[in-house]
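Asks: Listed below are the residues making up each chain.
There are 2 protein chains.
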Amino acid sequence: MPNGAQAMLATLVQAGVEVCFSNPGTSEMHFVAALDDEPGMRAVLTLFEGVATGAADGYARMAGKPAATLLHLGCGLGNGLANLHNARKAKTPIVNIVGDHATYHTAYDAQLQSDIVTVARNVSTWVRQAQTTAGLAADVVEAVAVAMAVPHQVATLIVPADVSWGDGGQILPPLPPRPPTLVPAAQIDVLAEVCRGKARTVMLLGGRALRGEALMLAARIAAQHDITLLAEVFPARMERGAGLPHVERLAYFAEMVGVQLSGVRHLILVDAKAPVSFFAYPGKKSYLVPASCQVHELATAHQDVIAALTALAQRLGAETTPARLQEALRPPLPSGELSAEKVCMVVGHLLPPEAILVDEAQTSGVSLPMHTAGAPAHDLLTLTGGAIGQGLPVAVGAAIACPERPVLALIGDGAAMYTVQSLWTLARENLSVTVVILNNRSYAILNVELQRVGARAGAGAKARSQLDLQHPAIDFVQLGQSMGIDSVRCSSAEDFHQALQRALAQPGPHLIEALIPNDLSGMKLRLLPHLLRSLDHLPRPLARLVKSKVAP
Amino acid sequence: MPNGAQAMLATLVQAGVEVCFSNPGTSEMHFVAALDDEPGMRAVLTLFEGVATGAADGYARMAGKPAATLLHLGCGLGNGLANLHNARKAKTPIVNIVGDHATYHTAYDAQLQSDIVTVARNVSTWVRQAQTTAGLAADVVEAVAVAMAVPHQVATLIVPADVSWGDGGQILPPLPPRPPTLVPAAQIDVLAEVCRGKARTVMLLGGRALRGEALMLAARIAAQHDITLLAEVFPARMERGAGLPHVERLAYFAEMVGVQLSGVRHLILVDAKAPVSFFAYPGKKSYLVPASCQVHELATAHQDVIAALTALAQRLGAETTPARLQEALRPPLPSGELSAEKVCMVVGHLLPPEAILVDEAQTSGVSLPMHTAGAPAHDLLTLTGGAIGQGLPVAVGAAIACPERPVLALIGDGAAMYTVQSLWTLARENLSVTVVILNNRSYAILNVELQRVGARAGAGAKARSQLDLQHPAIDFVQLGQSMGIDSVRCSSAEDFHQALQRALAQPGPHLIEALIPNDLSGMKLRLLPHLLRSLDHLPRPLARLVKSKVAP
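Protein chains in written order, with this note's numbering: chain R, 1 to 552; chain Y, 553 to 1104.
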């Protein structure tokens, strides 16, 4: 009969959990030992727990099923918390396994003793402390079922060491799936009326509505009734590119959202939240829906999105309406001194088919959506919860979920440093991920935010130094090489083009440090002309709307 | 009248909080802006919150007063949690400032919204959410007073953005100090009787009892009554070296503690806990005090340690009894291929006067206490809470607290990677810290623990790979250089001697990668001979005891 850890692993594998992102300690040694007996479980070692949790997020976004984590008590969970937060906001299924002291050992308040449950509650509504070896498999199948229920979530199972090492483990088959609830027919009727109306209407797509069949159904409805599709600002996974419906994302800056929603009378939410400002700003509204706009909900996060969109399309007779699809279109190759926009143009120029694009470039990625809109169809993974340090780990997980697909991760220099240990796991697992570090040697977004929050127009040297990353300048080439990754630096568009072409052509991980100027202090003002230029690429109702608002 | 952030900074500075270790985001921009107006506050930027919290720990251990942190919402707190855990176990005073969304913005569940209080409870019994700008200064002075009360603690103040940016901030003077409670005279009488008895007695010193006057008082009592002094296994700060009482630390391995406490009839705790095993192991005891030993408490963490030791010494007439002091003694210079022990010998050979020694070398530091016992008087800072990734940040903070003292940090390769971003702050602040990375390319301690927990004698390749850091090998020289630190690699004792000598002679940060073999699989067996060899250096009652137990 297996011990607890062996039974846990076998039960996980039977439930389809085949990858574990780990950073174990002594209390998890039986789990580690049990790996030898379980060929169905791949264990991916990380050097920091934030890499493990972020990788589990990226894996599940692409695999559509959970990975496990393996974390060392409350402190390991703490280290992994920021990326579990991002996963929670992404509605990603994760089976979060946290080792603990033996049940009888907690009485002694040893050095690593802490209240694990309080920490876990921050990211998991389902938190369970396993009590017995015999009952462990039941805990595991419940954790998997909860994680995979709609909406997906992070389920945290705390496993005391003696529950792991005890004899008498049971192996259980998975529980049946828990289907989402259906949207009532009456609700579909209401939404159909809204769609048929002549008032300006936006359908805001989030979560599962940004992928596959759901996305196509929404696009058919939108085409038939001249509805504008928008996407939530930070989607967990969004299918886009040539041959797919183009959906503009809500802007990060509230000022821009005001433009996007100006004149809209009906906002239909599909697995999305009504837009709110990322942060509060003095004297500005947090809730971004115009007062004259009615908000409707076609499907909540708990409901069956595809069924709801199918029912609505049927009610409207839009099942076969041709959707407006993005044409294939790549930006021209730029030249000269490198800039954030030129990086995005080269990415748009070269993005290979079936790519997975991870965007944590912050301010440097402002033009990425525009320049990749007509690239071959790809998946976009973004920073769902705002806790930076998510991009590199998510790229690790996505590459493990989809070993045949190229992964391209655009990461700001500041963001890269939170979970820079990801580079080691990329090298160790020889993952085909190209990491582009957009290095402007600054927390550039905070230069903008310092002004936006009204905290003084001309910040002094001491305040500015808190946003400055040039003293010392980080050498990302040495940093990448130190963890075994082929790394190069570029400061011209031509060099960057060559480096990216080479990286994408070769399997295994690559790092490109793109040196770009930090010239974003006036970014807010330059955003609108930026968007204006994009209108030539992307003719859509939104384009007309923006033009009417901001053209000189 | 100042805004909330300005009033908060001025109030902190008036209360003696002069350093802030930060990693700010948008919700903390008013704090950042207010730095321009407050010359009394030094802001030290970190690239990861675990560096900020660990540095605040190291600073306060050496400065004897708190630093502030500045963290970005629940996720920033999460990233800083492991080192706040270490600070909590160290009883370090920290004023932990966590920015939050504006009070009215939390209703909208924006991306970074999470339950901050649940996370803070893991490390702080005092958690307060500031409610008004006018009341913020009162929150701040209470936080400082709570942090500095005995026992010191991590006080967490959550500051919503609108409380920071609001007008009408008040600046308040600090609250009066809160003195520790006194040990009742009757308790001193009981302990005096125990000390006078003939039964074998150990006095276990922890916390404040390992420093200055308290340490000397304990040593006088010990000398007069043939009591053995022991120190808690992981002290926050321990004064030791030539001219100071030598106090052997409790061993990490429970097996060794059994030897240390064998035959002991009375255990007197002074600001220390009765020893328990770091982890639980199948079939082994967690509580390490022998059944035949009575446990007494001279002073708890809440009581006045110096007053208690003074009263006991007076009662025993030991106030002027000469303490046994460690003689000056340095190990000889080793030669040939480098090993963990040779690193420790060279450190003992070269340790400069007034050094601050940070030990997070794990298995590689096993012989460090022995080889530095007779070095010039120094402070030793250790891994109090077991959450690794503490050493580098603590070195940052200690160097800022004591700019005139050399800091030497011995860090295992695995441990270094958790908070490797510390290197950047070391370079940025040009701190005179010498970092020695003991690189055995392994989580070596886990190789030992895998056996100790009884999880299979011969682990397979898959299990072993979870403890292996050689694929790829991390190049710490490149890693250090990437963040602007002068870095060299050594693989011989001669080279290491030269490199350490050079590093200690030059101001500013240095990194030395010490390549050492990973030959610790038999460490448990080799520990005893190791200790036996040390007996020649350190003749003490413990030496006799150990010899009687383990000599062949």
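Check before you lean on any hint, since a few could be wrong.
Subject to a maximum C-alpha distance of 27 Å in a straight line, what follows is the list of computed BS3-like cross-link-like pairs (lysine-lysine) [to be verified]:
(1) Lys617/Y with Lys462/R
(2) Lys825/Y with Lys836/Y
(3) Lys91/R with Lys273/R
(4) Lys750/Y with Lys836/Y
(5) Lys273/R with Lys198/R
(6) Lys1014/Y with Lys65/R
Residues of chain Y clear of chain R, computed beta-carbon distances all greater than 12 Å [as the list claims (entries may be wrong)]:
(7) Asp589
(8) His624
(9) His653
(10) Ala701
(11) Ser716
(12) Gly718
(13) Pro728
(14) Ala738
(15) Met768
(16) His777
(17) Arg1004
(18) Ile1026
(19) Gly1036
(20) Ser1044
(21) Asp1047
In case anyone wonders, no lab produced these hints; they're calculated from the structure. Don't be surprised by glycine CBs; every beta carbon is placed ideally from N, CA and C.
Asks: Against this structure, judge whether each hint is valid.
Replies: Evaluated hints:
no.: 1; hint: Lys617/Y with Lys462/R; in the structure: 23 Å, holds
no.: 2; hint: Lys825/Y with Lys836/Y; in the structure: 19 Å, holds
no.: 3; hint: Lys91/R with Lys273/R; in the structure: 13 Å, holds
no.: 4; hint: Lys750/Y with Lys836/Y; in the structure: 30 Å, violated
no.: 5; hint: Lys273/R with Lys198/R; in the structure: 24 Å, holds
no.: 6; hint: Lys1014/Y with Lys65/R; in the structure: 23 Å, holds
no.: 7; hint: Asp589; in the structure: 8 Å, violated
no.: 8; hint: His624; in the structure: 9 Å, violated
no.: 9; hint: His653; in the structure: 6 Å, violated
no.: 10; hint: Ala701; in the structure: 20 Å, holds
no.: 11; hint: Ser716; in the structure: 9 Å, violated
no.: 12; hint: Gly718; in the structure: 9 Å, violated
no.: 13; hint: Pro728; in the structure: 31 Å, holds
no.: 14; hint: Ala738; in the structure: 27 Å, holds
no.: 15; hint: Met768; in the structure: 27 Å, holds
no.: 16; hint: His777; in the structure: 29 Å, holds
no.: 17; hint: Arg1004; in the structure: 8 Å, violated
no.: 18; hint: Ile1026; in the structure: 6 Å, violated
no.: 19; hint: Gly1036; in the structure: 3 Å, violated
no.: 20; hint: Ser1044; in the structure: 22 Å, holds
no.: 21; hint: Asp1047; in the structure: 20 Å, holds
When each numbered hint is compared with the structure, violations occur for hints 4, 7, 8, 9, 11, 12, 17, 18 and 19.
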